[in-house]
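A.B. asks: The primary structure of each chain is shown beneath.
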Amino acid sequence: MKPERIASLPASPAEPTAGAVPAPVWLFVAMGLLAFWSLHFLEADAGGFSHKVYRPYTSLASIEALQPKSEGDVMFASGQRVFTIYCTVCHQPTGQGLPNQFPPLAASEWVAAPSPNRIIRLVLDGIQGPITVKGVGFNGAMPPWRELLKDEEIAAVLTYVRGNQNWGNSAPPVTPEQVKAIRDKVAARSAWLPDELLKVAETE
Amino acid sequence: MNRGPYLFLGVFCAMALSWVGLILQPQLQIGWGRQETNVLNTLELYPQARPGLAQQGLQVYRSLGCATCHSRQIRQTGASFDVGLTGAGTNVPELVQAILKVKPDLTPAQATQQAERLPAILVASVDKATADAAVTNLSVGGAKAVANLVALGPDIARGWGSGRSVAADYLFEQPALLGSQRVGPDLANVGLRMPGRAWHFLHLYDPRAVVPGSVMPPYRFLFEARKVGAKPSPEVLRLSGPTPKFDAGGTRTNWTTPESIQLTAAAAPPSGFEIVPTDDAQALVAYLLSLRTDVPLFERPLSAALAPPGAGTTNVVVTPAPAPAPTPAPAP
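Protein sequences, first through last, are from chains A and B.
Each residue of the first sequence is one higher than the one before, starting from 1 at the first, in this note's numbering.
Each residue of the second sequence is one higher than the one before, starting from 1 at the first, in this note's numbering.
These are computed hints drawn from the structure, not numbers from a lab.
Any given hint could turn out to be false.
[Said to hold, decoys possible] No farther apart than 20 Å at their CA atoms in a straight line, the calculated lysine to aspartate or glutamate pairs in the EDC-like style are these:
#, chain 1, residue 1, chain 2, residue 2
1, A, 150, B, 44
2, A, 150, A, 184
3, B, 101, B, 82
4, A, 52, B, 44
5, A, 199, A, 151
6, A, 52, B, 94
7, B, 144, B, 94
8, B, 128, A, 151
Generate the whole structure from the sequences, applying the supplied hints.
C.D. replies: This is the structure we're talking about:
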């Protein structure tokens, strides 16, 4: 069969196009309200997008207020740990030392001085030679801790030793800044002699 | 379709925004996390990397699908404060007056008694302002008062931990097995609340022997039965009582006889055999014992336990486990 020639195709419907229909006003209002609410929510509850803020806390300030209060207490606890690791071998857990060998720390006038000026130097660079503690003579040597202990650790252990009321000590805490100041000021040296240390001013 | 570019742009923006919000921003916030400093023991970094055996245990935990039934995230809904008195100071009459001011319902005699029995919690479950005011009131004549933070929430009430989980807890997790279902209890802090190594072995071998009604499947394939020798193997499951019993031939009989612990019938080893954990069980238990999150961090404020100063170095409030943990019989 011979194909019939088609004179003209029927007009096909035009391809649909998206017209420009104006969005309804209420949609803009609703979106505006939603944006307002979400910004308000973020402001109140997002904790300033800080990675330190978790539910149920909502701001950095509210968490800061919950941190353990007294820095001295924190240092005291840390200092006890440092003391247990490095100091108990000689000075004993009780801080009483050993008779004729290691001087006591409990109620010692070297420890309980109002200013930690001398004791920081003593811990940093060690001490050797005849020393009188609580009226009793000792002649031994304490190693330097300058390289081994950080400023924070020396400050913590001195805070613990000086403020330990179980030992009868109640000297004020030592701060890492005080240790750093003396570490920077006094270059590494051989162990102090007690007489040398006594020449260091009690307060600076 | 004459708006193709617009459609493409719309889809692209939606996808890009979700990627920024769900992946990029969290990565910038916590992705490069470091060890945090414990706020109560400032020389201690948290978390510590796991020892090798526990690191292997993570893969055992993962391969056994423990995360299917156990979550590893503690939720917290709020915080309240307890006011504790830790030191009486020198001026006791003044302290008694202060106690009466803080707790008006006490009689003076009761307040005096309160001042003598230290440390003690005077006021429980109050908000921060009230607690701070009480501490100020009580700090007279050298007396020492503290406001202790107590985290609140259903998980904490169950004894699963004393504070919420934070991102730092998962620093050394690869992958982080947070879990999504709680068929069993949460394990975020299991190393602190269930510290018994022997208990974990026994529990893995026969859960219902130590936790009646447990729905946990027994993991007996993590253990092997060995013929009883002259001495018990290391880490052998202590299934028997303390008194050794021998048969006529001088072979010990009661290592494998359930006496103190009632094993389920299927779990009882054949006579003359003892149950020994395999390397996988050792690794898994080492991993479980390394799961400890009760460490006070900046983002997870917790208070030191109420104890006299210098009483110990443990600063973390350890909540006793809710389920009883029977101690296996001591070594025969």
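A.B. asks: For the pair supplied as a hint, residue 52/A and residue 94/B, confirm whether the alpha-carbon distance does not exceed 20 Å.
C.D. replies: 41 Å, violated
A.B. asks: Please work out if residue 150/A and residue 44/B have their alpha carbons no farther apart than 20 Å.
C.D. replies: Within the cut-off at roughly 13 Å; holds.
A.B. asks: Does the alpha-carbon distance linking residue 52/A and residue 44/B stay inside the 20 Å limit?
C.D. replies: Answer holds: residue 52/A to residue 44/B is near 18 Å, not above 20 Å.
A.B. asks: Are the Cα positions of residue 128/B and residue 151/A separated by 20 Å at most?
C.D. replies: Distance ~34 Å between residue 128/B and residue 151/A Cα, so the pair is violated.
A.B. asks: Is the hinted pair residue 150/A and residue 184/A satisfied, with a Cα-Cα distance of at most 20 Å?
C.D. replies: Answer holds: residue 150/A to residue 184/A is near 13 Å, not above 20 Å.
A.B. asks: Is the straight-line distance between the alpha-carbon of residue 144/B and that of residue 94/B 20 Å or less?
C.D. replies: Measuring from Cα to Cα gives roughly 13 Å; hence the hint holds.
A.B. asks: Residue 101/B and residue 82/B: Cα distance at most 20 Å?
C.D. replies: 16 Å, holds
A.B. asks: Residue 199/A and residue 151/A were given as a pair; does the straight-line alpha-carbon distance stay at or below 20 Å?
C.D. replies: 24 Å, violated
When each numbered hint is compared with the structure, violations occur for hints 5, 6, 8.
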